[in-house]
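**Student:** Sequences and hints are given; from them, build the entire structure.
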Amino acid sequence: MFGDNQFFGVNHMSEEKARAQSMRFRDTSAIIEVLDIAYEAGIKTFMCTTHDRIGEVCEYFRKNSDRYPDYQFYPGMPYAHKYANAVTDYGISGAIKRFLPDDGLFDAVVRGGSSIAKKEIDGIATLLIDAEMKMFEGLSTPVIFLQNVVTDFLLGLGMKDAFRIFADHIKNRYNAEPAFFTMNMPKLLDVLEEVGIENPIICSSINKLGFRMCGGIEAYEQTLANRQFRPVAMSVLASGGIPPREAIEYVSHLPKVQSIVFGASSRGNILQTKALIDELLDNQ
Amino acid sequence: MIKIAVVGLGKMGLSHQSMINMHPDVELVAVCDSSRFVLDMLEKYTGVKVYTNYSKMLKAEGLDAVIIATPSKLHEPMIREALEHDLHVFCEKPFCLDQEEGARLVDLAEQKQLVNQVGYHYRFVGAFQEVKRLLEQGILGTVSHVKAEAYGPVVLKPTGASWRNTRSEGGGCLYDYAAHPLNLVNWYFGMPDAVGGTVLNKIFSQDSEDEVYASLFLPNGVSGQLSVNWSDESYRRMTTKITITGTQGRIYADRQECQLYLRDSKKIPTDLMAGWNVRYTTELTDSVWFYVRGEEYSAELDYFIQKIKRTDNNNINSFANSLQTDRTINLLIEDNNSIPSNTATNNQQGMSKNWWQRVVS
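Protein sequence lines, in the order shown, are assigned to chains W and U. Counting from 1, one number per residue, gives the positions in the first sequence under this note's numbering. Counting from 1, one number per residue, gives the positions in the second sequence under this note's numbering.
These are computed hints drawn from the structure, not numbers from a lab. Ideal Cβ positions, reconstructed from N, Cα and C, are used throughout, including at glycine. There may be inaccurate statements among the hints.
Claimed, not checked - Beyond 10 Å from chain W on every Cβ pair, some chain U residues (computed):
(1) Glu-27
(2) Gly-197
(3) Lys-266
As the list claims (entries may be wrong) - To be clear about the criterion: a stretch of chain U counts as covered by chain W if any three or more of its residues have a C-beta under 8 Å from a C-beta of chain W, and this derived list gives those stretches:
(4) 10 to 20
(5) 44 to 57
(6) 66 to 79
(7) 180 to 193
Claimed, not checked - Each pair of labels, with its calculated beta carbon distance range:
(8) W/Gln-258 with U/Thr-247: 54 to 62 Å
(9) U/Lys-44 with W/Gly-216: 31 to 39 Å
(10) W/Arg-19 with U/Glu-283: 20 to 28 Å
(11) W/His-253 with U/Asp-286: 24 to 32 Å
(12) W/Arg-230 with U/Ser-144: 52 to 60 Å
(13) W/Glu-137 with U/Ser-144: 57 to 65 Å
(14) U/Ser-34 with W/Asp-282: 53 to 61 Å
(15) U/Lys-44 with W/Asp-282: 46 to 54 Å
(16) U/Gly-138 with W/Gln-258: 31 to 39 Å
(17) W/Arg-227 with U/Ser-144: 36 to 44 Å
(18) U/Thr-52 with W/Arg-227: 53 to 61 Å
(19) W/Ala-131 with U/Gly-294: 20 to 28 Å
**Tutor:** Here it is, written out as structure tokens:
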């Protein structure tokens, strides 16, 4: 799967590189160009945030659906920065109100308004999910992720019901598989099982350095070996901290890992990484 | 188990609550806030005990420690009350708006032998810790200059007043943003002997500055430049940078990496070489027990807990350390006040008036 960090100036190693990338990708056509290279290499799933600019990417794929008949989006929501800033400026309830649709939708008024009054997260959460999903209308989104900042924040607070609410809404309204990003994979799996989300899809950092693998690399390896879930590996290359072959070799020796998400900007890196994944992961 | 409560459930308080609740040595006993809405949600969905009255919570709960993340003007009375209850205190930055009160709190915490820590999380960022380590080795020879910068997209248009953009309540770019690079400068070089040319300029805010520029005159002849702007949308998020120049080379560090240029000499340690030496966050960052939004936030809380367990109040980011930063901020305010108003660029009207005066005269 192809990730989108590189398009929005996210780089875990260098601010300079991140800025250079955000200059290069200020025009959406530059993003499409890279997605095209990945597509030609056989990577037909785009795992993306709900950044405003992704809306433009979606628009392109809607208009050109003939050229990409089998293209899939795996959205990860929410794009947390906008909410975090609003919470600081307007407080929690003020922030929630700001992100609810303000076009007088009956549904929004009933679900949102009364939910805020009754302090029920179901109504508020499902409205926010629908608002985030709007940009993907008409596109294939078979798997929908909750972003790690939100997953881990809820996990930390112990708001376990929120995972259930997210999962149910994703299944019922979008006929899609709910999935979760996290930096605390073993702990999250415990809680997801506790609230009855079976065999969940969990995307977490999995790399030889143990970078962003909270609970420790051994706990991750144990969990992969002994527990029932569908892992997706991210940060496999640790932002370039590990040489590609070594990085993918490590992941390929782990049980259960069938999917890797990676981001790259150059044809060379995309093709090289894809070739390594094909060679090493398929030889498991 | 260490019994802890969190007071002030804004962005920082909630994220502290989320992290500390997962700490294996901690029992999160209660939380306190003035917003009934937030409390009701937390009570309903997490089962945590909630209070709207801080004093009542301190009296009732038999706590060991408290995490304070309320608006800055409330830090002083809340810290005092916690110390009087013999509680270890972790307080968000800035420490205390009144330096004399701050000094009294330093004494009180010391006298009671309580762990006292302020949330200057950059001292827990691997790259900035690496800078400290290199400086302590004297790697740069004689240091001549430090440039301390912070930029980010906080205030991007005129907005209504809140405590976050009112200086008298501890808001504004100086307390909110500039405090961080200043705190790093204090860590590396101590208190400035003097400051000069302080610009506290408004861009969008009504009651506080949006950009801060100043010269810092530090001990041992080290000069410093501070450059901070929280109205800069070209940065995706807050970005803090430190550049230090010495006779043997230069260090540049931000959250992601520490770049060291070393001049060739016989004194180069074996793990370094002449020319560029770069270490990235991926290798400089220690693993944490739980991650929400950056290892440094988890690491500072874990450090606080470990210090409590060892009853060791000789800790990093102590009230005394943080009082230095409060005092440095105060020097900047005094310096800015002393600049004649017709030359100070306190607002944009002021700037254009100066420009016209020069044209006319």
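**Student:** If you test the structure against every hint from before, which numbers come out violated?
**Tutor:** Structure breaks hints 6, 7, 16, 17, 18.
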